[in-house]
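With the sequences and hints as input, model every part of the structure.
Chain residues, written in single-letter form:
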Amino acid sequence: MIKKRLNIRMSGLGGQGAVTAAHVMAMAANRDGKFSISNPFFGAEKRMAPAESYCRIGIERIYDRGELVFPDVIEVFHPQVITMGKSYTMPFYSGIKEGGIVIINSAQNLLSEEDVQRLKDLNVAVFYIAGTELAIEVAGTELSTNMTMIGSVAGITKCVSMEALDGALQERFGKKFVASGGTASLDEAIKKKFAKKEMLLQKNLATVKRAYEIASEWAEKNKIELKVGNPAVAA
Amino acid sequence: MAETKSHIGTQNKKGQTYTDPWKMMNEAPRKPSFYTGSEVIKEAIRRASCDVMIAYPITPQSEAAALIGELFAEGYIGDYFRGESEFAVMSQCAGAAFGGARVFTTTAGPGTMRAMENFPMWAGARLPIQMIVTCRGINSPLSIQPDTLEIAYLLNTGMLVWHAETAQDFFDWILKGYMVSEEPDVHLPLALCCDGFFVTHTKDVVNLTPTEMCLPPYDPYRSPVPCMDMECPPVRMMRDPFVMKSNYISYATHASWQQEVWAAVERSRKHTIHWLDGLIDTENADAEVMIVASGTAVSQGREAIRLLEDEGVRCGLVKVKSLRPWPGEEIREATKNAKHIFVPEFNVTGWLAKEIKATIPNSERVHAGPHVCGGMTMPPEIIVSEIKTALGLRSESLAGRGS
Numbered sequence: 210m211i212k213k214r215l216n217i218r219m220s221g222l223g224g225q226g227a228v229t230a231a232h233v234m235a236m237a238a239n240r241d242g243k244f245s246i247s248n249p250f251f252g253a254e255k256r257m258a259p260a261e262s263y264c265r266i267g268i269e270r271i272y273d274r275g276e277l278v279f280p281d282v283i284e285v286f287h288p289q290v291i292t293m294g295k296s297y298t299m300p301f302y303s304g305i306k307e308g309g310i311v312i313i314n315s316a317q318n319l320l321s322e323e324d325v326q327r328l329k330d331l332n333v334a335v336f337y338i339a340g341t342e343l344a345i346e347v348a349g350t351e352l353s354t355n356m357t358m359i360g361s362v363a364g365i366t367k368c369v370s371m372e373a374l375d376g377a378l379q380e381r382f383g384k385k386f387v388a389s390g391g392t393a394s395l396d397e398a399i400k401k402k403f404a405k406k407e408m409l410l411q412k413n414l415a416t417v418k419r420a421y422e423i424a425s426e427w428a429e430k431n432k433i434e435l436k437v438g439n440p441a442v443a444a
Numbered sequence: 058m059a060e061t062k063s064h065i066g067t068q069n070k071k072g073q074t075y076t077d078p079w080k081m082m083n084e085a086p087r088k089p090s091f092y093t094g095s096e097v098i099k100e101a102i103r104r105a106s107c108d109v110m111i112a113y114p115i116t117p118q119s120e121a122a123a124l125i126g127e128l129f130a131e132g133y134i135g136d137y138f139r140g141e142s143e144f145a146v147m148s149q150c151a152g153a154a155f156g157g158a159r160v161f162t163t164t165a166g167p168g169t170m171r172a173m174e175n176f177p178m179w180a181g182a183r184l185p186i187q188m189i190v191t192c193r194g195i196n197s198p199l200s201i202q203p204d205t206l207e208i209a210y211l212l213n214t215g216m217l218v219w220h221a222e223t224a225q226d227f228f229d230w231i232l233k234g235y236m237v238s239e240e241p242d243v244h245l246p247l248a249l250c251c252d253g254f255f256v257t258h259t260k261d262v263v264n265l266t267p268t269e270m271c272l273p274p275y276d277p278y279r280s281p282v283p284c285m286d287m288e289c290p291p292v293r294m295m296r297d298p299f300v301m302k303s304n305y306i307s308y309a310t311h312a313s314w315q316q317e318v319w320a321a322v323e324r325s326r327k328h329t330i331h332w333l334d335g336l337i338d339t340e341n342a343d344a345e346v347m348i349v350a351s352g353t354a355v356s357q358g359r360e361a362i363r364l365l366e367d368e369g370v371r372c373g374l375v376k377v378k379s380l381r382p383w384p385g386e387e388i389r390e391a392t393k394n395a396k397h398i399f400v401p402e403f404n405v406t407g408w409l410a411k412e413i414k415a416t417i418p419n420s421e422r423v424h425a426g427p428h429v430c431g432g433m434t435m436p437p438e439i440i441v442s443e444i445k446t447a448l449g450l451r452s453e454s455l456a457g458r459g460s
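As you go down the protein sequences, you meet chains A and B in turn.
The first sequence begins at 210 in this note's numbering and counts up by one.
The second sequence begins at 58 in this note's numbering and counts up by one.
Calculated from the structure, these hints are not laboratory results.
Wrong hints could be hidden among the right ones.
Claimed, not checked - Below, in silico cross-link-like pairs of lysine to any residue (SDA-like), each with a Cα-Cα straight-line distance of 25 Å or less:
no., chain 1, residue 1, chain 2, residue 2
1, A, Lys405, A, Asp375
2, A, Lys367, B, Val262
3, A, Lys213, B, Arg359
To be verified - Sample of chain A residues at the chain B side, in silico, Cβ under 8 Å:
no., residue
4, His232
5, Met236
6, Asn239
7, Ile246
8, Ser247
9, Asn248
10, Pro249
11, Phe250
12, Gly252
13, Tyr272
14, Arg274
15, Gly275
16, Glu276
17, Val278
18, Phe279
Think of the CB as a built atom: it goes at the ideal place given N, C-alpha and C, for glycine as much as any other residue.
Given below as structure tokens:
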């Protein structure tokens, strides 16, 4: 299915980088010449508390703001979003559109039979990726989990190119970035994990690429097609 | 006598050129940048020749306040510090403005409410302070999410009140706001409001003016009231104030001054129309179904109009940019053909719908809604559903979150 707009809801926990992931995705889409916006929604800034972010990518100017109530793609950054109900609503997939995709960071099946059936009825495909393990393997830190979620959604939907993601990552992490005291200290924490900033960029990009390949392969094998159109063609 | 020396064409200490504001805003090349609303506030202030910014942390304006701290560190702002509370901040802003500085601050929700006493004081003292209000919930139980109820409290303070839809509005209006506020026949504070998170934390494309250009500095001698030497305030005002009197002259003085403040709000109308290209924007103004909205509700309305178009329902839009001065005549004209007027709002009381009902003839045409409040998002689908229901059209049931 080729859509005028792809709505991506990222459900994670505070500190996992869901907000950054949505920003990076939107920045990449913008670099690709698509229309995009991203925004987060969270309560008091607190680690492990539910945090969501949203990325909208499309072929025409996007006005829609705020929480994504009817997403095409839902990414679950942490198993607790499902197992402990750390989602803004229960079940975590409420509002998902027919033909949508759920991407879950887990090595194990987390869905009940009822959930599986309900998603099947909506023709929603579910993709599991052991994102945290992959981040530890490729980047050497679980802090790069969000990179695997970026790679997954990009790999399945091809809504942003790898070149644009590379550029967006450099833009986000290559220079000093101050959003708030919290964000600044988190950035510092990530940088300390890597000997040099170049290493951070390189390892994160490698993590994105690896997840992209795995997800791409899964989509091909299962004949999953959910894409956003080309703005040049639309114009 | 008016000052004749012009700063235009000269440079500030950062090497920016003081530029004719009209040329800077309307003729200078623009660079598209992909920024959050908070970053855009920083970029506007970089070009605003601000003397003083006073900060106090409260979500969702904390990022903008922190980023302006960065600007101070870079040398773009005369002075920057954190107040003890929002009440202290707004009082300190008054002090700086009394002393002849161009002042900027940001606040949100409970902070706006806490500082409320200062706003009619600013207006009464004719201080052209600019305050960004990134609206959020104000009531208990606590919410940090967008809710525009606080704007209703600002409407009768004597401040100018504008409601930005996007980060682009924000960038342009921060700079244009000073031009309107500082006119000698206006000289009033401006509350430049937006819906928190939807604007402050959203990354979007914004076209920025060149960093090498900035506004000319504030000229306190254009003030209609004398600026004060705060180390040596006028004795008569401090030792013998009107508040100590209880006689007809003191009442008459206050009454005439209040009238003068509101007359100044009226006088700002022509300048606001000039700088914002009208107090409202309209689309499909001949449609029988209209959405009238301000802030993010305009954006959600635009999406709803697209969805309705796909279903063959033609719908128009009025974007209310300025709430004070209130565009009464413009709204009457823009809605004269409308049979149904919908006013989507991010608050529980529907203050905008009330203002519109009080403005237009046949106010039963106004459907006050849909409303969301307490930080909820307004999906365009619920605006569509409200409109279709009112028109007697079949509407699909929505199975979103919480249903």
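Verification of the hints:
{"no.": "1", "hint": "Lys405/A to Asp375/A", "in the structure": "17 Å, holds"}
{"no.": "2", "hint": "Lys367/A to Val262/B", "in the structure": "22 Å, holds"}
{"no.": "3", "hint": "Lys213/A to Arg359/B", "in the structure": "16 Å, holds"}
{"no.": "4", "hint": "His232", "in the structure": "6 Å, holds"}
{"no.": "5", "hint": "Met236", "in the structure": "6 Å, holds"}
{"no.": "6", "hint": "Asn239", "in the structure": "5 Å, holds"}
{"no.": "7", "hint": "Ile246", "in the structure": "5 Å, holds"}
{"no.": "8", "hint": "Ser247", "in the structure": "5 Å, holds"}
{"no.": "9", "hint": "Asn248", "in the structure": "4 Å, holds"}
{"no.": "10", "hint": "Pro249", "in the structure": "6 Å, holds"}
{"no.": "11", "hint": "Phe250", "in the structure": "7 Å, holds"}
{"no.": "12", "hint": "Gly252", "in the structure": "7 Å, holds"}
{"no.": "13", "hint": "Tyr272", "in the structure": "4 Å, holds"}
{"no.": "14", "hint": "Arg274", "in the structure": "4 Å, holds"}
{"no.": "15", "hint": "Gly275", "in the structure": "3 Å, holds"}
{"no.": "16", "hint": "Glu276", "in the structure": "4 Å, holds"}
{"no.": "17", "hint": "Val278", "in the structure": "4 Å, holds"}
{"no.": "18", "hint": "Phe279", "in the structure": "6 Å, holds"}
Of the numbered hints stated above, none is contradicted by the structure.
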